[in-house]
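Enquirer: Here is what each chain is made of, one letter per residue.
Protein chains: 2
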Amino acid sequence: MELLKDKILEQGRIIGNDILKVDSFLNHQLDIYILNEIGKEFKKRFRGYKIDKIITAEVSGIAIAAIAAQYFNVPVVFARKSQSKNLDMETYEGEVFSYTKDKLYKIRISKRYLNSGENVLIIDDFLANGQAILGLKQIVDQAKANLVGVGIVIEKGFQEGGKILREAGINIESLVIVDSMSKGQIIFR
Amino acid sequence: MELLKDKILEQGRIIGNDILKVDSFLNHQLDIYILNEIGKEFKKRFRGYKIDKIITAEVSGIAIAAIAAQYFNVPVVFARKSQSKNLDMETYEGEVFSYTKDKLYKIRISKRYLNSGENVLIIDDFLANGQAILGLKQIVDQAKANLVGVGIVIEKGFQEGGKILREAGINIESLVIVDSMSKGQIIFR
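Just so you know, the sequences run in chain order A and B. Note that the UniProt record's numbering gives residue 67 to position 67 of the first sequence, counting from 1, and the numbers run on in steps of one. Note that the UniProt record's numbering gives residue 6 to position 6 of the second sequence, counting from 1, and the numbers run on in steps of one.
Hints may be right or wrong, so weigh each one.
Same chains, same label: a pair holds when it works inside one copy or across any pair of copies.
[What the hints assert, rightly or not] Here are the simulated DSBU-like cross-link-like pairs (lysine-lysine), alpha carbons at most 30 Å apart as the crow flies:
hint : residue 1 : residue 2
1    : 137       : 21
2    : 21        : 144
3    : 183       : 5
4    : 21        : 111
5    : 81        : 21
6    : 183       : 111
7    : 101       : 111
8    : 21        : 106
9    : 106       : 50
10   : 101       : 50
No lab work stands behind these hints, which were simulated from the structure alone.
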């Protein structure tokens, strides 16, 4: 997706060797024009599939999923990281290991909002080690829903998540894949 | 907003005397049609005002603000609750007291994404005690931006937030105000 590559080259900031900050448009400030273009592209990549629901994990996936859902005409459910008064007691739970925080946390979706047999598309901002997606997949599996695919805005091709998920047979569409960010230069696949 | 009242009456669940769960369409599962109607209504309520940016706080405000921003044609910035690798070190900070968790937490917006003189609209899902809005207002004030108004989807009129904010001279537009939920019955103002 050329528009997205241009935006990343123009506004992305590389911190160290593996952090790509795109907080000017994707996960702190939100550029609503580019989010709509991302949503249209996801629709294009998953055309021909029957999709009943989009799921994502809080926080950074929410806006991307909500805007994209307009092109699929389906509801979104975002998995919550904390028990909250807004969440039912009866939930499906996935486990996510955070390498940055070196701890395991849970993500949850109320059993009311994910049903057996539903065709689910997962959307998220980044794919790095794949942990968040695996946690969401656990939730989809517990609900006996069908995981149709995973739409990722930016895949870090130099981390192992994409490989793990593809080898597990998951249908992944990454709008851009960054193969390297060494010496401050972004190389796309 | 009659459509929203109908949706609340149809799908809202009252827990105890003061919790109104609308997680079927507003803050866990997201009904994208109603979010668009909410966005249009906010645009109508704030027509005639110059608005440069919409801000909200994670988590529940994000989807509402992102969808609404399409009608204002402005970017969104959502304040983050935790220090994250996606957040700059240089931030404006607001303090929010959580009555449910009985503790004070901070919300932060990077100084890059809120500028002196910008005209800011705050959007959030609920207005109850007003703490989250006051925390966001602290951030707007620190940035020397102008708070044009606050758009709220559901105000709990039986809690003190609306009164505190209006007495502080803040321009609040609540799409619906719930005056009472006793005995399982929702009374709108």
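Enquirer: Does each hint hold? Answer for all of them.
Expert: Comparing the hints with the structure gives:
no.: 1; hint: 137 <-> 21; verdict: both (26 Å within a copy, 26 Å between copies)
no.: 2; hint: 21 <-> 144; verdict: between (35 Å within a copy, 25 Å between copies)
no.: 3; hint: 183 <-> 5; verdict: within (18 Å within a copy, 55 Å between copies)
no.: 4; hint: 21 <-> 111; verdict: between (34 Å within a copy, 15 Å between copies)
no.: 5; hint: 81 <-> 21; verdict: both (22 Å within a copy, 18 Å between copies)
no.: 6; hint: 183 <-> 111; verdict: between (46 Å within a copy, 26 Å between copies)
no.: 7; hint: 101 <-> 111; verdict: both (28 Å within a copy, 24 Å between copies)
no.: 8; hint: 21 <-> 106; verdict: both (25 Å within a copy, 22 Å between copies)
no.: 9; hint: 106 <-> 50; verdict: within (28 Å within a copy, 42 Å between copies)
no.: 10; hint: 101 <-> 50; verdict: neither (37 Å within a copy, 41 Å between copies)
Of the numbered hints stated above, the single one contradicted by the structure is hint 10.
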